[in-house]
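Assembling the complex is the task here: the two chains are given apart, and the hints tell you how they should meet.
Here are the chains, one letter per residue:
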Amino acid sequence: MMYIILISLICGILSGYFILPENIISSLDSIASFALNLLILSVGIDLGLNKEVFYKLKKTGFKVLLVPLSIIFGSLIGGLIAGFIFNMPSNLSLSIASGFGWYSLSGVILSNICGAEAGTIAFLTNVFRELFAVLTISLLADKLTKITAIAPAGATSMDTTLPLIAEATDEETVVISFINGALLSSLVPILVPLLYNLK
Amino acid sequence: MWLIIVSLFLGVVIGILNFIPQKYIKYNSKFQQIGVVLLLFSMGASIGSNKRILNNFSQIGLKSIVFAVFTSIFSIIIVYIVSLKLMGGDEKK
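Residue numbers (my numbering), protein chains in the order written: chain A, 1 to 199; chain B, 1 to 93.
The set of hints was computed from the structure by calculation and includes no laboratory data.
Among the clues, some could well be false.
What the hints assert, rightly or not - As a list, the in silico BS3-like pairs of lysine-lysine whose alpha-carbon atoms are at most 25 Å apart:
{"hint": "1", "chain 1": "A", "residue 1": "143", "chain 2": "A", "residue 2": "56"}
{"hint": "2", "chain 1": "A", "residue 1": "56", "chain 2": "B", "residue 2": "26"}
{"hint": "3", "chain 1": "A", "residue 1": "143", "chain 2": "A", "residue 2": "63"}
{"hint": "4", "chain 1": "B", "residue 1": "85", "chain 2": "A", "residue 2": "58"}
{"hint": "5", "chain 1": "A", "residue 1": "51", "chain 2": "B", "residue 2": "23"}
{"hint": "6", "chain 1": "B", "residue 1": "85", "chain 2": "A", "residue 2": "63"}
{"hint": "7", "chain 1": "B", "residue 1": "30", "chain 2": "A", "residue 2": "51"}
{"hint": "8", "chain 1": "B", "residue 1": "51", "chain 2": "A", "residue 2": "51"}
{"hint": "9", "chain 1": "B", "residue 1": "85", "chain 2": "A", "residue 2": "59"}
{"hint": "10", "chain 1": "A", "residue 1": "63", "chain 2": "A", "residue 2": "51"}
{"hint": "11", "chain 1": "B", "residue 1": "85", "chain 2": "A", "residue 2": "56"}
{"hint": "12", "chain 1": "A", "residue 1": "143", "chain 2": "B", "residue 2": "23"}
Computed from a predicted structure; not experimentally measured.
Same shape as in the complex, but just chain B (with noise of 0.2 Å):
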């Protein structure tokens, strides 16, 4: 956890005071999408070859997965309806 913070906040202080030339500037956001393509495909393979979700998948998995949709979908909604409520929505909508 505290790397990641400091990396978070080591890419701001590198971004507030203009450490990266302006012509690299544009290659972050594709940077990004590759990272994030490694990061899911690495997710995957740890997942599918992880033994203790697929020994337990058939007995508890039912159990899992709805306990998920229903952790998940009930933040949404409540999000959802706080965000616009409370927090303005989206500006641009």
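One chain only, chain A, in its complex shape (with noise of 0.2 Å):
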């Protein structure tokens, strides 16, 4: 699975540099975004037919949160680190390390409080953070715990990775996915704004 993964991102970007024109890219993306709910609803239907899960989830109970919890905590060290690397100042490193994955919100959010630069800097921290995501889904859920997996993906696990984390672990950890990637996409909005106001 992991070379179909690489090999599809990969073609995915050399046709869209290469080869295909404006107009089919953004009809790819609406395409693309009707596959992900077509891919969703399947994932939903897994989890239907696997109704213990449910079960399993409520011994599991407030648990669950701790999952987005030490993923901001994982990700704004992180941030602070890399921020001190650069000679960042630390409230805009920790803005950038809470966009959690979801680039287009992030980038948005610090382009309008703190201009294009930052902005810029949002968007790509967060494009490659969902492509770190992709490449590693698989080995982190095959060599470390399932859950492990979810970590990378951040915001984005309830979209764009979760059927990635749906084919390399199980129902139950679907479920922690979606919540976890719920919870912080709300809180995305929320903490950029609000870590860049820190001093």
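Written out as structure tokens, the structure reads:
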């Protein structure tokens, strides 16, 4: 699966750069979001067929929240260190880190409150975070724990990376992943401006 | 975001109510694999054709990659420790 993932991604990047004209790209985007919704529907069918997953999850209970909490702490620590390397102010590096992979939104918010360059760094950082997640999810689920596969995905674990997490893990992890993504996604528009305004 | 939530719940309901005949269910995972390939291809295509990414890569590409890798790796470390110590790890292992 790892090779299939890598090959589809690379073929996409190359054809986006060299081959496909603008108008096809924009319709590709709407096809992609249609495909994504179909995929999520199919992931949902798997969950519904394995109803016991919801009972298992009840047993896990509030511990589900440990996943987004850990991801928030991990991202902020990582962001602080990265900012330290490049000598950036810590409020800026924290707010870049709190995009959690949601590049469109965090890029737009930071462009608005801090200017184009910070917005572009936030945008690119979170594009690369999503790429990093796509490339590492199956490896992490295999070598570490299934739940760890959610970590790099951050806010994207409820949409773009959810089908990959479903492929690499089990139904219970998929539900945790979805909850994690929904919580982190709702926190992005709050944390990015909040952390930027820290002094 | 709402469309995603609706799609997922619709799927769960279809699954619970067993709307899909048994003989088609095995195609669900094949469908997911094909869908993932399409999704990744178009994800790649929109990155490859995005001028904002290409034009800025030489100046802030390195910064952004370091940010992406550090935020991801520290998330991985903490989630891994927490999932082992507090969530019981993977039961099968």
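Quick rundown of the hints versus the structure:
1. A/143 - A/56: Holds: residue 143 of chain A and residue 56 of chain A sit about 23 Å apart, inside 25 Å.
2. A/56 - B/26: Cα-Cα ~24 Å, so holds.
3. A/143 - A/63: holds, 22 Å
4. B/85 - A/58: Answer holds: residue 85 of chain B to residue 58 of chain A is near 19 Å, not above 25 Å.
5. A/51 - B/23: holds, 19 Å
6. B/85 - A/63: holds, 12 Å
7. B/30 - A/51: Measuring from Cα to Cα gives roughly 21 Å; hence the hint holds.
8. B/51 - A/51: It is violated: about 45 Å lies between the C-alpha atoms, which goes past 25 Å.
9. B/85 - A/59: Roughly 16 Å between the alpha carbons, so the hint for residue 85 of chain B and residue 59 of chain A holds.
10. A/63 - A/51: With Cα atoms ~20 Å apart, residue 63 of chain A and residue 51 of chain A stay inside 25 Å; holds.
11. B/85 - A/56: The given pair, whose Cα atoms are some 18 Å apart, holds under the 25 Å limit.
12. A/143 - B/23: Violated, because 34 Å separates the two Cα atoms, which is more than 25 Å.
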